[in-house]
Amino acid sequence: MEMINQVKQSILTPYGMQEKDIDKIMDSMLSAAVDDADIYFQSSHFESWVLEGGIVKEGAHSIEKGAGVRVISGDKTGFAYSDRIELSVLLEAANNVKAIARQGQNAQRQVDVLKKRVSYYQPIDPLKSLADQEKIDLLKKVDVETRKLDQRIEEVIVSLVGVDEKILVANQDGSLAADIRPLTRMSVTVILEDNGKREQGSMGGGARTDYGYFLDQDKALAYGKEAVRQAVVNLDAIEAPAGNMTVVLGPGWPGILLHEAIGHGLEGDFNRKGTSAFSNKVGERVGSELCTVVDDGTLQDRRGSLSIDDEGVPSENTVLIEKGILKGYMQDKLNARLMGVKSTGNGRRESYAHIPMPRMTNTYMLPGSHDPEEIVKSVKKGLYAKNFGGGQVDITSGKFVFSASEAYLIEDGKITRPVKGATLIGNGPEVLTKVSMVGNDLELDAGVGTCGKEGQSVPVGVGQPTIKIDGLTVGGTSV
Amino acid sequence: MQNNEEINRLKSLVQDLLDESKKQGASSAEAGLSVDNGLSVTARLGEVETIEHHCDQSLGVTVYIGQKKGTASTNDFSNDSIKETVRAACSIASFSSADEYSGLPDKDHLATEFPELDRNFAWNIDAEAAINIAVECEDAARSYHAEINNSEGASVDSHQGISVLGNSLGFLHGYQSTRHSISCSVLGERNGDMQRDYWYSVSRNAEKLEPAKNVGIKAAERTINRLGARSLSTRQCPVLYSAEVASGLIGSLIGAISGGSLYRKSSFLLDALGTQILPEFMHIHEQPHLKMALGSASYDSEGVATAARDIVADGVLQGYVLSSYSARKLGMKTTGNAGGVHNLIVDAGSHDFNAMLKQLDTGLLVTELMGQGVNRVTGDYSRGASGFWVENGQIQYPVEEITIAGNLKDMYKNIVSVGNDVDYRGNVRTGSILIEQMSIAGE
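As given, the protein sequences belong to chains A and B, one line each in that order.
Residues 1 to 479 in this note's numbering are what the first sequence spells out, letter by letter.
Residues 1 to 443 in this note's numbering are what the second sequence spells out, letter by letter.
It is worth saying that the hints were derived from the structure and are not from the lab.
Just so it is clear, CB atoms sit at the ideal spot from N, CA and C, and this is done for glycine as well.
Treat the hints with care, since some could be wrong.
What the hints assert, rightly or not - Ranges between beta-carbon positions, derived for each pair:
| hint | chain 1 | residue 1 | chain 2 | residue 2 | range |
| --- | --- | --- | --- | --- | --- |
| 1 | B | D271 | A | E322 | 49 to 59 Å |
| 2 | B | F281 | A | G455 | 35 to 45 Å |
| 3 | B | N8 | A | D150 | 50 to 60 Å |
Turn these sequences into a full structure, and let the hints steer you where they fit.
And the structure:
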């Protein structure tokens, strides 16, 4: 209750709105025959600081707030929003959106049993966790220390981003849910030059916590060190091989494989509509026995975690694939209702100005039994990929790509020469069936992932142990 | 008709931001705001699925205290919020370091003439009428072929907005613009192979949109053409980029000659000015004042006048893509490209699409690319692709689950021809582009 009051005071009170005004808006929407309705209030306070060329040359700051109203009737959605949190404005919006509903009797208010709420992060404002001068000193320190690491460094770019977000969701059942979601992120990019050859390396991290995270165990400096290491490796990279081969993916961020190949295809909306390559496959084998994949929004302080989703539903640890068998999909309320299942707490939206849909939180594969060295040793000829850029998937054909930014040849069971970045391409419903070894070294990514779907961006996490895939197409130039 | 009363009201808000900045100690400032109202509807399987009413606004201010810079923005237009936003920007500026290159543009670069660019065509359409168009579009797609068996729906979007920019050098201008679109995405299935494709039409003037039916038919046709796609064996062969993906190749070139990439030395085209980067037959122009075009602007995002110019002539790079800041860093003059390029035209060759296929003879036609595998520092390029295998100038079968790779520097030099099958929808207008040889990785 305490958090609800805190959020109400922050989002409603300054604009002269009270809880009874929310009831008025809800009543207006429920005067049509609707299956569901909600009002979503949000305020977010964002800041970023960027160091480049040795100086903190700019910073940005933004405050946004607003509310979105939504009415659902069957599989139809009416939606409107405003940056003005005012009763008259929101009543008008409510009046606009209920046109989507069938004409008929009033909807009933259903009162749900209040679910017990668990928090997976502290309700803190990260922007206030350091004084502005301390933020700048941190960026400068990272710059100075990183430049010391290699004389070939030409440029170091360091950025620090923090968000203080508060949300309040009013549901048709009369319940109010609130959340305070801190989010921080830091990244370091270096550009190296050696005899006219240039390369860059990047590393960053973040979490749902305050800026103290980057000071703990000198994480910020470690990002700089890692960025330099990657750039140095890539300076010596030879042409990447082209063709189908055995690929070993390192632990952590390469879990983007799961996000693209499996995750999107298991989002409830695509499966309700039958547009996913995974449609109607629950209970079927989509991976080898070694593969168990979950989407877990309940990890403490992780970037993709949520105490409640954007529909007020508590986050869960959802098993997507268990020992290779497809167990279920990620759901928001609309798609869960239409498919006759329960929401898994995956209803997310970029902001009050966007419609919620099923989205991932932290998606990862559980560890297996193999020693990572043993996995590499088992490969006669192949590719070892350690770091990745982004990825993309066509959920209908199942084809997915993800781009390696640091990769090596495996020759006779040994990791040998670094190769240039290359895109890897595969087929989602097939790729996990080719997983023949899973390491005991589960790692989650460092906390910089952002997922885009239908124009909406949300923070997510990925992870996996070292895995071996018997055959994936590697898009190099060395034919 | 422009809503001059509303534009004037918003201009005075921008002036308030500038005045407040001065009052709070800024030595110079730039402020801008935008408002946008819109309607989006989607119809799926013959019925309305979503109706969205859009209403966005935001304002932002950049202040300079000497050479120190701070930026702040908000979507709250109240007086208190304006004061608070300026205060936040000034606070950031007070903590940031002096940068000798920062600051407003030189006054004599600012736009003083504002030619009519025909950007504003209100579309008086309500949700019901928009739904009817979307249904018509989707119906055309779904009834196109028996193998079309599912749909992601058809959408109709209509947006109208006002954008205002001002700075403490006395620049203050605003304009109203519109953007309307129809899009459709449908699925097909053959022997268990499921494919999806889409098509869209976009214009500032709804009357210039492709008929809804045609958009639907095009989406369906593209989906059907993909059915039965297979991979290719790993090989090297010529690659034809269809017009809608060829614009991305030109986009990567623009990224590499943009000020930010150049002064950071994170470009594979460093020091390329005056050198041959494309074959001699290629010319690329920027035409910012084309009427009704989506990229048209009489000034860039800092108020600098835009002008028509050659970017590449006879394959030789004629100019970079610079803002005032990046120009100062490079010891050059701004090209009026803060915020990007405005209508990039790649001169079309004489071949239509079929003649381009003939010229390709045997090789890969790429119609879709996946992933972001472009390294801007080295030019190394590796992306997922789908399209068609072509033999003797004839399309043989659809292909998928392959990658195409090369280095952009070489790819640009090895362009064989540019078609006249220009895609006019985007900010980059080019026909299809044929590249002599690339590496294909597949099964």
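Range hint compliance [Cβ, B:F281 to A:G455, 35 to 45 Å] = holds, 38 Å
CB-CB spacing for A:D150 and B:N8 relative to the 50 to 60 Å hint | holds, 56 Å
So does B:D271 sit 49 to 59 Å from A:E322, Cβ to Cβ?
-> Given range 49 to 59 Å: holds, Cβ gap about 56 Å.
The structure is consistent with each of the numbered hints, conforming to all of them.
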